[in-house]
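Knowing the structure of chain S, use the given hints to seat chain L on it.
So the sequences go chain by chain: S and L.
Following the UniProt record's numbering, the numbering of the first sequence begins with 1 at its first residue and continues without gaps.
Following the UniProt record's numbering, the numbering of the second sequence begins with 1 at its first residue and continues without gaps.
Take these hints with a grain of salt, some might be off.
In this list, chains with the same sequence are indistinguishable; a pair is considered to hold if it fits within one copy or across any two.
[Claimed, not checked] Straight-line Cα separation of at most 30 Å, DSS-like style, residue types lysine-lysine; simulated pairs:
(1) K352 <-> K75
(2) K229 <-> K75
(3) K2 <-> K326
Hints listed in this document are in silico derivations from the structure and should not be mistaken for laboratory results.
There are 2 protein chains.
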Amino acid sequence: MKIGVLGAGQLGRMLALAGYPLAKDFVFYDMSGSPSAGIGETIVDPEGKQLDDFLAKVDRVTYEFEHLPVDVAEKLAQHKPVHPCPRALAVCQNREAEKTLFGRLGIPTPQWQIADSAEGLKAAAEELGCPVVAKSVTEGYDGKGQAVLKSPDDAVQAWDSIGHPRVIVEKFVNFTREVSIIAVRAEDGELAFYPMAENIHHEGILRYSIAPAPQLQPHIQADAEDYIKSLLNELNYVGVLTLELFETPEGLMANEMAPRVHNSGHWTIEGAMTSQFENHIRAVSGHPLGNVAARGVSCMINIIGEHGDIERILELPYAHVHLYNKGERPGRKLGHVNILADSYEELVWRVKNCAQFLPGCPEFESSLTAN
Amino acid sequence: MKIGVLGAGQLGRMLALAGYPLAKDFVFYDMSGSPSAGIGETIVDPEGKQLDDFLAKVDRVTYEFEHLPVDVAEKLAQHKPVHPCPRALAVCQNREAEKTLFGRLGIPTPQWQIADSAEGLKAAAEELGCPVVAKSVTEGYDGKGQAVLKSPDDAVQAWDSIGHPRVIVEKFVNFTREVSIIAVRAEDGELAFYPMAENIHHEGILRYSIAPAPQLQPHIQADAEDYIKSLLNELNYVGVLTLELFETPEGLMANEMAPRVHNSGHWTIEGAMTSQFENHIRAVSGHPLGNVAARGVSCMINIIGEHGDIERILELPYAHVHLYNKGERPGRKLGHVNILADSYEELVWRVKNCAQFLPGCPEFESSLTAN
Numbered sequence: 001m002k003i004g005v006l007g008a009g010q011l012g013r014m015l016a017l018a019g020y021p022l023a024k025d026f027v028f029y030d031m032s033g034s035p036s037a038g039i040g041e042t043i044v045d046p047e048g049k050q051l052d053d054f055l056a057k058v059d060r061v062t063y064e065f066e067h068l069p070v071d072v073a074e075k076l077a078q079h080k081p082v083h084p085c086p087r088a089l090a091v092c093q094n095r096e097a098e099k100t101l102f103g104r105l106g107i108p109t110p111q112w113q114i115a116d117s118a119e120g121l122k123a124a125a126e127e128l129g130c131p132v133v134a135k136s137v138t139e140g141y142d143g144k145g146q147a148v149l150k151s152p153d154d155a156v157q158a159w160d161s162i163g164h165p166r167v168i169v170e171k172f173v174n175f176t177r178e179v180s181i182i183a184v185r186a187e188d189g190e191l192a193f194y195p196m197a198e199n200i201h202h203e204g205i206l207r208y209s210i211a212p213a214p215q216l217q218p219h220i221q222a223d224a225e226d227y228i229k230s231l232l233n234e235l236n237y238v239g240v241l242t243l244e245l246f247e248t249p250e251g252l253m254a255n256e257m258a259p260r261v262h263n264s265g266h267w268t269i270e271g272a273m274t275s276q277f278e279n280h281i282r283a284v285s286g287h288p289l290g291n292v293a294a295r296g297v298s299c300m301i302n303i304i305g306e307h308g309d310i311e312r313i314l315e316l317p318y319a320h321v322h323l324y325n326k327g328e329r330p331g332r333k334l335g336h337v338n339i340l341a342d343s344y345e346e347l348v349w350r351v352k353n354c355a356q357f358l359p360g361c362p363e364f365e366s367s368l369t370a371n
Numbered sequence: 001m002k003i004g005v006l007g008a009g010q011l012g013r014m015l016a017l018a019g020y021p022l023a024k025d026f027v028f029y030d031m032s033g034s035p036s037a038g039i040g041e042t043i044v045d046p047e048g049k050q051l052d053d054f055l056a057k058v059d060r061v062t063y064e065f066e067h068l069p070v071d072v073a074e075k076l077a078q079h080k081p082v083h084p085c086p087r088a089l090a091v092c093q094n095r096e097a098e099k100t101l102f103g104r105l106g107i108p109t110p111q112w113q114i115a116d117s118a119e120g121l122k123a124a125a126e127e128l129g130c131p132v133v134a135k136s137v138t139e140g141y142d143g144k145g146q147a148v149l150k151s152p153d154d155a156v157q158a159w160d161s162i163g164h165p166r167v168i169v170e171k172f173v174n175f176t177r178e179v180s181i182i183a184v185r186a187e188d189g190e191l192a193f194y195p196m197a198e199n200i201h202h203e204g205i206l207r208y209s210i211a212p213a214p215q216l217q218p219h220i221q222a223d224a225e226d227y228i229k230s231l232l233n234e235l236n237y238v239g240v241l242t243l244e245l246f247e248t249p250e251g252l253m254a255n256e257m258a259p260r261v262h263n264s265g266h267w268t269i270e271g272a273m274t275s276q277f278e279n280h281i282r283a284v285s286g287h288p289l290g291n292v293a294a295r296g297v298s299c300m301i302n303i304i305g306e307h308g309d310i311e312r313i314l315e316l317p318y319a320h321v322h323l324y325n326k327g328e329r330p331g332r333k334l335g336h337v338n339i340l341a342d343s344y345e346e347l348v349w350r351v352k353n354c355a356q357f358l359p360g361c362p363e364f365e366s367s368l369t370a371n
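Next comes chain S alone, as it looks inside the complex (with noise of 0.2 Å):
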């Protein structure tokens, strides 16, 4: 079986490293016109003109980035099968649609408010009390099109710099973290819950993600999964999905959901029994799931803008390296690290062990290490 990803970057290259085991051949179609998939067949198209060949030489398609024109997801899924399907695509590229589904779905999110000028949002910001955030209701992503405003007199400049004709005005949250579940749906409905991971964000990039969350309630893990589910079965939706909550005194509260395998689940190579990317290709594939449980605890770090001293973390007999081949360029995802342990106090000298060796990794904050 062939299967075409929409998109050439590292999570296209983790998807067929992870599906050639299972005899899947990959095609990558690339818009940006810089894949770094590296692997399989890249059709390199930033003009668009290529769809047809692209469509010819798959079984079925899948994308590993939501940016991807909603009509041209459509178009393919006239042909061939088309995982998860383009209303995924087009609830996740609207912000607006994402927080109104999620809130028709039960899911409980920061209170928000639609502005469409200047006056629009210093209204909302009044009206939700500050700080509040202000991002595009599309094409945002990794913290581009957004702003905080600390009063509601920062309106003016937050419209400017962001320079969208729609944003979503979200009350801020006080959140103790930021978490993320991951579950994979299959073709006959299956569904499997990865253990949650536990986010540590900086400079509005995933730095670290440990998992299972640590000093988690199970009845959080308990929402989590009925929260993505009901979004699941509502989008009668194939493949992986990913949903970023904070997690407050109260509960948790949704933030964003990405159709696609995530970041804060790319602790799943080494440290579950199925990868997410496994999982997806399995569910693309129309393959039963396999076994999400977690292998001992994991932390997750980023490689961010520079390598480091790559060789002596492979030195390093708990941890596990993970390159994208790609160049250096500030805050630009390179890669990963996956350390294991069988304990979180193992785990977190490890990790810091490990950082030391990456450059402009911030220091290791985390549930684990708050006082």
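Below, chain L without anything else, positioned relative to chain S:
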């Protein structure tokens, strides 16, 4: 770094799958005319005319099978680092040279003699005492070119069936079980030894490998490490080396070695901290070695001839499926399944449960199932 692999079968495929996460690229050189790696670039060159092209494309050279002309490897080594060294190839291609080296290094073997005629074979059989095993000195693979003599009178028939001008005659060893040790040596001489595996063959083909080998006395593992260490150092070897041995009540006896990753080490993909494939790539690339410790207990089951009911196997929560994307053919290695468990007791029923979905898979008879 681009690694050139001589041979393009499933071992090369799995080397590449382990090497991409270390930012390696792969070029395969195939002389068989039927490459099956299915990944990376493949130069198909049955007439041996494109070796220069291959060399020009790669930074380092390794191989996935040992039946490569030694002069080809030597020629390559004049231009690019070739790991393991051509001398290792030469030794492994000649059972007489191999057994001679074993003897010189103090590695016990079954008693053996050389014969270059039917009469010589008969005399050797008489002197060693039947049963004996006669094998062509060169070009043996997976039980081909071998014959068992139950009596010296079988000599003429055995000689004719082998059809080779020079054979090695080995006294039959009354072994308890077949085992193997896989070790890896880095460019700087660093060594690492995997836990030994117990191997179960059927009709001359490996069917099951259990690792770590159950009920193995520590001094047996220590002996095997001493033996393979002396080979690695003697050959100034870089990469993964496999030594197949018989375990007898009197200790270990070496059977043969393979200068490459080995079927009896496929369990390491999920069953060890670092797979044999990754460690071979690390060594060949000049990196430090990875941790070879086992993760729980494992059994590798080969998929031979027919794929069987893969969908049912994919449902098993303790099974990892590795397919080579090859067509079915009697006796052909099509893939393998790694079964993981926390105890040998658990492992036994899991293996039996999986094997029922593989037609032609012999019953699981091992030290774990012996009364």
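- Message: Within a copy, between copies, both or neither: which one fits K352 and K75 at a CA-CA cutoff of 30 Å?
- Response: Neither: 48 Å inside a chain and 47 Å across chains, both beyond 30 Å.
- Query: Which holds for K229 with K75 at a C-alpha limit of 30 Å: within a copy, between copies, both or neither?
  - Reply: within (27 Å within a copy, 60 Å between copies)
- Quick one: K2 to K326, C-alpha cut-off 30 Å, is that within a copy, between copies, both, or neither? Answer is both; intra-copy 25 Å and inter-copy 15 Å each pass.
Comparing the model with each numbered hint stated earlier shows that hint 1 is the single one that does not hold.
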